Structure formats: structure tokens, C-alpha cells
Amino acid sequence: MLNTADFYHVWRIDQSSNALKEEIKEHCHTDIEMCLECGKCSGGCSNAHIFDITPRKIIQLIKMGEEAKLLRMDALWSCVACQLCVDRCPSSINIPRIMDYLREKSYNQSIPASRPNVELFHELMLGHIKRFGRVPEALLSVEFNLRSKQYTKDAQMGMKMFFKGKLNPIPARVKDIKKVRRMFRNMPMQREG
Amino acid sequence: MSNSEKTALIIGGGMAGMEAAIKLGGAGYQAVLLEKEDHLGGIMNQLYGSFPRWDNPQKMAEQKVKMVEENPNITVKINTTVKSVEKKDKSFSVELSSNEKIEFDAVILATGFGFYDASEYAEYGYGAFDNVFTALEFEGKLKEMESWDKKDLPKVVAFFKCVGSRDRSKGYPYCSKICCMFTAKEAGLMKDLNPDAKCFVFYMDYRAAGKEYEEFARSVIEDKHVRYVRGRPAKVLPDNGKLMIRAEDTLMGVPVEVAADMIVLANAMVPSETTKELASMFEAKTDQYGFIDYIPGYPTQTGYRVFFAGGCGFPVESLGAQYQGAAAAAEVIALFNQG
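Chains A and B, in that order, are what the protein sequence lines are.
For the first sequence, this note's numbering assigns the number 60 to the initial residue and increments by one for each residue that follows.
For the second sequence, this note's numbering assigns the number 158 to the initial residue and increments by one for each residue that follows.
Don't read these hints as lab results, they were simulated from the structure.
Okay, derived cross-link-like pairs now, SDA-like style, lysine to any residue, Cα gap no bigger than 20 Å in a straight line:
| no. | chain 1 | residue 1 | chain 2 | residue 2 |
| --- | --- | --- | --- | --- |
| 1 | B | K381 | A | Q119 |
| 2 | B | K298 | B | K312 |
| 3 | A | K80 | B | K348 |
| 4 | A | K80 | B | R384 |
| 5 | B | K381 | A | D90 |
| 6 | B | K308 | B | D349 |
| 7 | A | K116 | B | E414 |
| 8 | A | K99 | B | R387 |
| 9 | B | K193 | B | M438 |
| 10 | A | K80 | B | A354 |
| 11 | A | K116 | B | P412 |
| 12 | A | K128 | B | D406 |
| 13 | A | K116 | B | R387 |
| 14 | A | K116 | B | L408 |
| 15 | A | K116 | B | E379 |
| 16 | A | K128 | B | E414 |
| 17 | B | K312 | A | G124 |
| 18 | A | K234 | A | F191 |
| 19 | A | K128 | B | V411 |
| 20 | B | K381 | A | H88 |
| 21 | A | K116 | A | C87 |
| 22 | B | K312 | A | R71 |
| 23 | A | K80 | B | E379 |
| 24 | B | K392 | A | H68 |
| 25 | A | K84 | B | R384 |
| 26 | B | K399 | A | W70 |
| 27 | A | K80 | B | D380 |
| 28 | B | K399 | A | Q74 |
| 29 | A | K116 | A | D146 |
| 30 | B | K247 | B | G496 |
The following residues of chain A were derived to be distant from chain B, with all beta-carbon distances above 12 Å:
| no. | residue |
| --- | --- |
| 31 | H108 |
| 32 | I170 |
| 33 | L199 |
| 34 | M220 |
| 35 | M248 |
Interface residues of chain B toward chain A, partial, derived using beta-carbon atoms under 8 Å:
| no. | residue |
| --- | --- |
| 36 | V313 |
| 37 | H382 |
| 38 | L408 |
| 39 | P412 |
| 40 | E414 |
Keep in mind it's a predicted model, so treat the numbers as computed, not measured.
Virtual Cβ for every residue (Gly too), placed ideally from N, Cα, C.
Kindly generate the complete structure, drawing on both the sequences and the hints.
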């Protein structure tokens, strides 16, 4: 979580590193120099009200080479990847992709998230995608609630949904799971520590 | 081949004045082109590059000078200024610094703009610190740097926009209109000379209202990697042989510092002293700042048989100056055709 103290210093922008910017250009195929600084991403962000730092500022921090701050920010874990920002961006800057990249990087460096259980959810969800190629909601919520010791959470609603036929307890799998596995091999989760 | 004995006086041999002379001469009227320097071309001669097409400014001026020289109806008088004017019924009797007295049926003022004295901004240290230049001085510096050893080239160059423009306390409330573009150009040219140099442009907003202008400014940011920082620098202090710039990055709301080797100030464009003198001689209308003003409904006319074009009316880029020169000439031609 970034707070005001993170901004209490003079920023020597002539000494800032271009490394993260270049990395993002390579891995996310997105040139953040194309940012027009208009703020349309932040204005329309579905979760901006709970972000410690809004999407436009995230792009600015990348420009300033502030990797350490970016990997600590709470927005990494409160972004729901709804894609509204990239959909509306006049420069088509793929912010969700950048968020994904930074989130993986933060996770791989074992930087603790400021919210409880988000890393657990992250692991479970990606684990399910690896196993099934998709996210089976019923299984994920059961597994997540058990592992996070929230035994009664969602139980009532889950039952209702089950009886209405909205939840399938047997996880479905995509046809070609090999392709999904190959994606995971190319981009492995390697957590340090 | 002249179709009339009518003669127009054009004061100022820059892009606007030359264009007006070419059009008048082409229409068969006599045009006398006055230039106070010893050569035509005006400010173009001092520029290192141009926007939005990176054309060579000297070549652009040369092309016009050639068109002027090839036109038999144009008389060029260099090193010449206006000494006095006597207003007659339908003409002006003008005494030149060469002591000639010539009768003119119309006048086009094309005296260009002057520059705001950047030393008014004590916080930027112009005149006090070496390596703080005005934008026009920097164009000459760029030319000079062509022959420098790469290791001697500046590694961090900062560009300040709105020095005297959009300033109600020390400067002028207006936007000088072309600084955004020439600053982008100069930063881009610096990057061409030394791609390893870091260029910072401090801006409040960049105003790129013109054909190809936005694309030009973006290409400087995206292709030449000039870093734009939103915020007006507050002060410059010498720091171990460098110039420490303090500003706010208003997009982040944080104080920023840049240790620069060179600072370039985009100082405001103001009415020149010559413009003010000539305006009173020819009874031309001027605005609150001293720029030549137009008569409502007559966009190139400023007085009885007095017209204007280019930077004496308001800061304008070379292409705009040519448009205005041609437009003023069209008005004079229309006037002369009426007999």
C-alpha cells in the first residue's frame, strides 16, 4: 500500500531509470510514452475509489522508473482487470496487461500484499486456470473459503445458487488444455523466499 | 510588364514581407521591399530547424529570396529603414534612411516580432548563469554543437515554456502561440545531435493547434524520447557546475529536481520597437500590447491604405506568415485594381 509518506521526497527525475519502461514495452507490447496524460483511464476505472494510486498515476510512476513503489501498491490487488481503461484509452495503452505484469513481478518477489488473502486467491485462481483452462466458481469459492478459514462465507448464497442451477459443482475443462499448460510453462510463477 | 504605376511599400523582408512582395510583383504592381538588415529572410536565417516537417529554414528562406530576386517588379532595399512619413490624400510620401523620398500608394507592415527579456525572470538566472539560453540563442547553439565532440555535448537539457507568456505579473497574459512547437522542435533536434542526452520539457500544456502539429509534438515525445514534465519550473540554482532546476510535477503532485547542463527558455514574443514606431508613423491601429491590430471585417488592414502581415500582428510561424503576406498583398491588389 502506498501512502502519502511515499511521496514525501524530492524526485530526481533526471536520474530515473528507464529499465521498467523498456521492460513493459517488451513484455506488454505497450509504449507508455504514448500516454496523453488525459486521465480517462482513472476517470472511468471501476475500482479507482479503492485504489491507493489511480491508473494514470501508475503510468506516470512507470515513466519515473519507480519500480519499488509500483510493486508495493495496493492497486495491483484491487484492479479487477475489467478492461474499461484500455477500452477507453485514446492511445490504446493496455493497462490491465501492465497490471498483470506488475502483479506477477510483485508476487514473484514475495512482496506482501496489503490486503488479507489476495495472494491466496491469486494462487488458487491461476492454479485452476492451469488445471481446467477456466475458473470454476463453485470450486474456487469453496476452496478459497476453506483455505482462508472463512467457513461460512458465501454458504447461504452458494446453496441458493446451486438449487437454482447456477453453480456447477463439477468443474468444466477447456478442450485443448495443452495450450493452456504451454502458456504457463512460458510464464512460470516463480516465487522467491 | 507592369500594368500600373501603382507602388506598394513593404516594410520587413522576412517570410511575410517577401511573400507579399512576390504576390504584388506577380500581379504587375511595383513593390519596394525594405529590410533593415543586410539580407532578406528575417528570423529564418537564425533558425536551425523548422516544424512540422523538419525542413531547413535557410533553404525555405533562400527559395523565397530567389522568387523575390527573379521578380522584375520588386525593388529590394537592404540596410534601409523608414525615416519619416508624410500622409497625403491617397498615398504616403516616405523618406527612407537612404534619404530617398518615394511616393507609395499603400503600405504593408511586416516587421515581425521582438522577444521578451528573459532576465526579467531572476529565478531562471538568464544572464547570470552560463548555459541558460533563450530559444533563439539555442538555435545558434545547435548549429555550433554540430561540430562539437560528442563528449562535450550537454547530457541533460531542460526546456522551459511560457517564459513571459501566460504571466500576468512579470510578462504578458497571452499565449505566444508558437513556443510549444519550436520547443518540441529544439528538444527533438537536441536528441538528434545526441541521442544519449536527456531532454526535459517543462510545460503547462502543449498547444499544438495546426496541421501536423500534434503529430509532430507526439513524435518528439514518442520517437525521440523527449520527456515532458507538466509544471512551470520555480527556480534554477547552480549546483556543482550544473544547474539544479526545481519544479512540481503537477501530474503527480510531487516536487521534482533536474540537474541540467543547459537550460533553454522559450521567452515570449512581443511587439518589436520598430513595429511600435512604424505604427505611429503610419497611424496604424495597435492593440493593448503594441501589436498591429486589424480593422473589424478587414483582417489584414490596420489603417487607411495600411496593411500588415506576419509577426508584427501576433506571433506566427513561417507558414502562417506566408499566408498573411499573401492575404495582405491580395487586399492591396484589390485596392489598386479599383484605381
